[in-house]
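Colleague: Which chain is which? The protein sequence lines are E and U, in order.
With our numbering, the residue at position 121 of the first sequence is 121, and numbering never jumps.
Offset between the second sequence (1-based) and our numbering: plus 230.
Treat the hints with care, as some may be off.
Stretches of chain U that chain E covers, calculated by requiring three or more beta carbons in the stretch to come under 8 angstroms of a beta carbon on chain E [unchecked claim]:
id, region
1, 311–324
2, 388–402
Facing chain E, a subset of chain U residues (Cβ under 8 angstroms, in silico) [stated by the list, open to error]:
id, residue
3, Arg293
4, Ser500
5, Leu567
6, Val593
7, Pro595
In silico DSBU-like links for lysine-lysine, alpha-carbon gap of 30 angstroms or less [what the hints assert, rightly or not]:
id, chain 1, residue 1, chain 2, residue 2
8, E, Lys4, E, Lys66
9, E, Lys145, E, Lys4
10, E, Lys226, U, Lys389
11, U, Lys389, E, Lys4
12, U, Lys578, E, Lys227
13, U, Lys389, E, Lys227
What the hints contain is simulated information worked out from the structure, not anything from laboratory work.
Quick reminder that beta carbons are idealized off the backbone N, C-alpha and C, glycines included.
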Amino acid sequence: MALKEFTVSSARPLPVILLADISGSMEGQGKIDALNRAIAEMLRVLADEAAHRAELQVAIITFGGKAAVHHPLAAAQGIAWTPLRASGNTPLGDALTLAIGMLEDPTTVPSRAYRPTLILVSDGQPNDAWEEPLEHLLSAPRASKAFRFAMGIGDDADLTMLRRFLNDPEGRVFEAHDARQIHEFFRWVTMSVTARSRSMTPDIQPSLPSSAGKVSLQDLPETDLKKLEF
Amino acid sequence: MFYETGMRLVDDRGTVYTLGTPLGTGGQGCVFAAEGGRVALKLHTLLNVDAPGSRAHERLRSRLANVMRFPLEGLPIARPLAMLKAPHLGYVMERLTGMMPLARLLEPPRSAVLPWYLETGGLRRRLLLLARAADSLTILHSRGLAYGDLSPNNLFISKQSDGLELRFIDADTLCFESAPSDRPYFTPFYGAPELVTGRSGASTLTDAHAFSILAFELLSLVHPLIGDLVSEGEPALEQAALEGRLPWIDHPDDLRNATGRGIPRPLVLSALMRELANQTFGPGLSNPQARPGLTHWSERLFAAADATLRCRSCQGTFYMSQDLCPWCDDPRPAFVLIQLQRWDADGKELVPLVQSTAAERSVQPVWRRRPAPFLALEEDVPLFLTGRHTGPESGPAAHVPHLELLLSGQRLSVRRVSGGAQDFWLVSPGGRLEPVRDGWRELAIQPGKPSWDLHFGPVSQNHRVARFEYRASHHLSGALR
Numbered sequence: 001m002a003l004k005e006f007t008v009s010s011a012r013p014l015p016v017i018l019l020a021d022i023s024g025s026m027e028g029q030g031k032i033d034a035l036n037r038a039i040a041e042m043l044r045v046l047a048d049e050a051a052h053r054a055e056l057q058v059a060i061i062t063f064g065g066k067a068a069v070h071h072p073l074a075a076a077q078g079i080a081w082t083p084l085r086a087s088g089n090t091p092l093g094d095a096l097t098l099a100i101g102m103l104e105d106p107t108t109v110p111s112r113a114y115r116p117t118l119i120l121v122s123d124g125q126p127n128d129a130w131e132e133p134l135e136h137l138l139s140a141p142r143a144s145k146a147f148r149f150a151m152g153i154g155d156d157a158d159l160t161m162l163r164r165f166l167n168d169p170e171g172r173v174f175e176a177h178d179a180r181q182i183h184e185f186f187r188w189v190t191m192s193v194t195a196r197s198r199s200m201t202p203d204i205q206p207s208l209p210s211s212a213g214k215v216s217l218q219d220l221p222e223t224d225l226k227k228l229e230f
Numbered sequence: 231m232f233y234e235t236g237m238r239l240v241d242d243r244g245t246v247y248t249l250g251t252p253l254g255t256g257g258q259g260c261v262f263a264a265e266g267g268r269v270a271l272k273l274h275t276l277l278n279v280d281a282p283g284s285r286a287h288e289r290l291r292s293r294l295a296n297v298m299r300f301p302l303e304g305l306p307i308a309r310p311l312a313m314l315k316a317p318h319l320g321y322v323m324e325r326l327t328g329m330m331p332l333a334r335l336l337e338p339p340r341s342a343v344l345p346w347y348l349e350t351g352g353l354r355r356r357l358l359l360l361a362r363a364a365d366s367l368t369i370l371h372s373r374g375l376a377y378g379d380l381s382p383n384n385l386f387i388s389k390q391s392d393g394l395e396l397r398f399i400d401a402d403t404l405c406f407e408s409a410p411s412d413r414p415y416f417t418p419f420y421g422a423p424e425l426v427t428g429r430s431g432a433s434t435l436t437d438a439h440a441f442s443i444l445a446f447e448l449l450s451l452v453h454p455l456i457g458d459l460v461s462e463g464e465p466a467l468e469q470a471a472l473e474g475r476l477p478w479i480d481h482p483d484d485l486r487n488a489t490g491r492g493i494p495r496p497l498v499l500s501a502l503m504r505e506l507a508n509q510t511f512g513p514g515l516s517n518p519q520a521r522p523g524l525t526h527w528s529e530r531l532f533a534a535a536d537a538t539l540r541c542r543s544c545q546g547t548f549y550m551s552q553d554l555c556p557w558c559d560d561p562r563p564a565f566v567l568i569q570l571q572r573w574d575a576d577g578k579e580l581v582p583l584v585q586s587t588a589a590e591r592s593v594q595p596v597w598r599r600r601p602a603p604f605l606a607l608e609e610d611v612p613l614f615l616t617g618r619h620t621g622p623e624s625g626p627a628a629h630v631p632h633l634e635l636l637l638s639g640q641r642l643s644v645r646r647v648s649g650g651a652q653d654f655w656l657v658s659p660g661g662r663l664e665p666v667r668d669g670w671r672e673l674a675i676q677p678g679k680p681s682w683d684l685h686f687g688p689v690s691q692n693h694r695v696a697r698f699e700y701r702a703s704h705h706l707s708g709a710l711r
């Protein structure tokens, strides 16, 4: 007995790119630990999300000392999470440039992908030339269409910069002052992504003539099974 | 508002609940088991949109309170039992155990799709689950209510792979047809184009669209509006498809969105079901009035399930009109074809169950045709004739078993299971009458020979009659010729 095979549609990617500030100042007040736990929880929820139409993908770009791709864009289910360590200054501009490169590269984010989600988390002032990369991101054909979320951690967060990143008068920068609020922000983002992945695209006529009592005991013609309409 | 295990909430009768295990989250809220009880709590989170006490909040609260008073008796809908006190927005509902969202049956693995399809109940279970869901929705609609947000996450089914229990779990979006909801909730991919584009609110016809998608997708594992054009294209095309601006995947003339994915439709959708799909996703896509209602789906799904047989080799179920099992090419097993006819007491003769005259049929659209009344009885599997066959009855009476049939080799056994409320008679090919009783009566049945007829009433009255025709396995019937 050999069973036949059928093909089914492949899921459309739904990219989530996190830009995480891991500069030295994140070391204070347990901020980096809270961020690590919140990201780990987000990854776990996204990995568990059984969305057959959308494949949730996550990339993590960090900026602390230098901008780096901590996790390249990959299915949330396959990510082995390694916690972030804080050190160095805040090169946001370079991180934005990495994000633009990722979003604008059709081999990383194909045109059939759903609108990406871009999350920016920072606790301070960028120390490189970030304004030009931001303008570039806000005008790049595909990066500009991403859903953007922003969180400022602590009193020193540059809310003006975060608002410019959102580039939406209705948008709200989430301000976190403790570990609970950092978790709350990530849950909110996670819910928005999973809700989107699930509730996507906000974006025989019988021909026997015989009758009982009148039936002859002769052989009966077979009913043509192909002609029974059902 | 965020909810976590351990939080305590109070309902409007003063009962205190502690949130237990989270059971699920959706676009509008989440569900938690209540600790130590048989209930669950549905909580609306209306995230970052409305604050407690706002008009939107109060509107939703009054709508939920209304749902508690809707006429839902006898329907498998998990209705609100009590409202939670402000500032929380939610209600107490029945907790479902041993059930899972229908969505699980819409998530095939990337490979070995068919073994998974068969392990999760195969064709017959899918047809019966859908038939039961359509039947419930037909009753709901007959009471003037529309379900609203019908989706694979809102319909729960037995976890067991042969289970046929089902429960609609989201009563929040129920509304009277005459007073459509102001906020049309829908689950994209299942929302009718008029909901997606905001042209109208929920109605029995938007339910019909959602159900048709669900039925097509559950059976064939491909969304009827998402063909290759949409699937491989930009997400904007998906929106266009869901708004009804692209041809459906099996459009007879417009092949732009055709696809080779999914199970070939004739294997899983009966001819009359394909006609319903063609009407729903063809003319009915842009014109809700042209959409067939749930009653058509219910009738055809039950009829299709009646026409299935189980393969002796792969155990998959398939339509008896196929000579070979479409899953593994094993020959069709022997079975008895049971055809229903009508006894005309005045003329003292059997006549076909004609629903329309030949002239009517020539002008009637195909999708309005009624399925031929027959069943396939396979060997060693008991078959119950219910009110739907013997009546014809509708509503709950349709599912009351009256007679049990069993085929072993070329012996057909019959017995009454409904008590003495209705007279059933066996009539021999020579015209001898014998009453059917609670004990088994065994009849010999042979290929090509007339058999006993089973009458669902006394000869003095009009009633339905079951006629039996033995069909040897396809393998044997070929060899004999």
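Colleague: Out of the numbered hints, which ones does the structure contradict?
Modeller: Per hint list: 1, 2, 3, 6, 7, 8, 9, 10, 13 violated.
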